[in-house]
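S.K.: For reference, the chains in residue letters:
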Amino acid sequence: AQKVTQAQTEISVVEKEDVTLDCVYETRDTTYYLFWYKQPPSGELVFLIRRNSFDEQNEISGRYSWNFQKSTSSFNFTITASQVVDSAVYFCALSEAGLDGNNRLAFGKGNQVVVIP
Amino acid sequence: GAVVSQHPSRVICKSGTSVKIECRSLDFQATTMFWYRQFPKQSLMLMATSNEGSKATYEQGVEKDKFLINHASLTLSTLTVTSAHPEDSSFYICSAESPGFGARSEAFFGQGTRLTVV
Numbered sequence: 005a006q007k008v009t010q011a012q013t014e015i016s017v018v019e020k021e022d023v024t025l026d027c028v029y030e031t032r033d034t035t036y037y038l039f040w041y042k043q044p045p046s047g048e049l050v051f052l053i054r055r056n057s058f059d060e061q062n063e064i065s066g067r068y069s070w071n072f073q074k075s076t077s078s079f080n081f082t083i084t085a086s087q088v089v090d091s092a093v094y095f096c097a098l099s100e101a102g103l104d105g106n107n108r109l110a111f112g113k114g115n116q117v118v119v120i121p
Numbered sequence: 051g052a053v054v055s056q057h058p059s060r061v062i063c064k065s066g067t068s069v070k071i072e073c074r075s076l077d078f079q080a081t082t083m084f085w086y087r088q089f090p091k092q093s094l095m096l097m098a099t100s101n102e103g104s105k106a107t108y109e110q111g112v113e114k115d116k117f118l119i120n121h122a123s124l125t126l127s128t129l130t131v132t133s134a135h136p137e138d139s140s141f142y143i144c145s146a147e148s149p150g151f152g153a154r155s156e157a158f159f160g161q162g163t164r165l166t167v168v
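Chains as they are written, first to last, in our numbering: chain Z, 5 to 121; chain Y, 51 to 168.
Same shape as in the complex, but just chain Z:
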């Protein structure tokens, strides 16, 4: 069963528009971490945010904001006033402990964001 669901495959927006990326996760752990990563065309993964399961405060960092709703198991990401440089694939990920005790990141399928100038 998929643990992290990012339903929107590709999203196109015109520059300066806002875009919200949905992330729904599934876990039996009471303690877990959620992440968002940006993957530009060059391929490297750029860390954006980490949120633990006990911290439901929303966060704003510049044009980025995150809304964590534990009741709906969602961790949505909004880019305000999008810019062309925001064009990338964005991954939501969930960190859980595996049977061997090692933490594992389960990634969603990613959202391809295309910002049109």
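Please note that a few of the clues may not be correct.
[Unchecked claim] On the chain Z side, residues computed to face chain Y include the following (Cβ under 10 Å): (1) T31; (2) G47; (3) E48; (4) F51; (5) R54; (6) A92; (7) F95; (8) F111; (9) G112; (10) Q116; (11) V118.
Calculated from the structure, these hints are not laboratory results.
Backbone N, C-alpha and C fix where the C-beta goes; we use that ideal spot for every residue, glycine too.
Since the structure of chain Z is provided, determine the placement of chain Y on it from the hints.
M.R.: Same frame as chain Z, now just chain Y:
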């Protein structure tokens, strides 16, 4: 933040040859490293978990003899794709975590290696 360096960033090899990819943690000791594979327009799929000084733990469906992982030191893990074939062409990316960053770290990623087997 912590830095993970992956080398090479791009490699083209002939079918049947082996390719080694290195993943180094530059400013911290990584007891655990992870190797992922990403096909075009797909998500990252965990291949194996590499623990320093012990055998790697492979995910279901990943061939151990095909993808050899060695984590000989606290700063270096290597992935060797043996007898590579065109279907092994993919983007391989490593990540590293250290106990010092807490139980659930932010998993620092390398730059990735784009492997093309011709």
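S.K.: Now tell me, hint by hint, if it's right for this structure.
M.R.: For each hint, the structure was consulted:
no.	hint	verdict
1	T31	violated (12 Å)
2	G47	holds (4 Å)
3	E48	holds (5 Å)
4	F51	holds (6 Å)
5	R54	holds (5 Å)
6	A92	violated (13 Å)
7	F95	holds (7 Å)
8	F111	holds (5 Å)
9	G112	holds (6 Å)
10	Q116	holds (8 Å)
11	V118	violated (13 Å)
Hint compliance for this structure: hints 1, 6, 11 are not met, and every other hint is.
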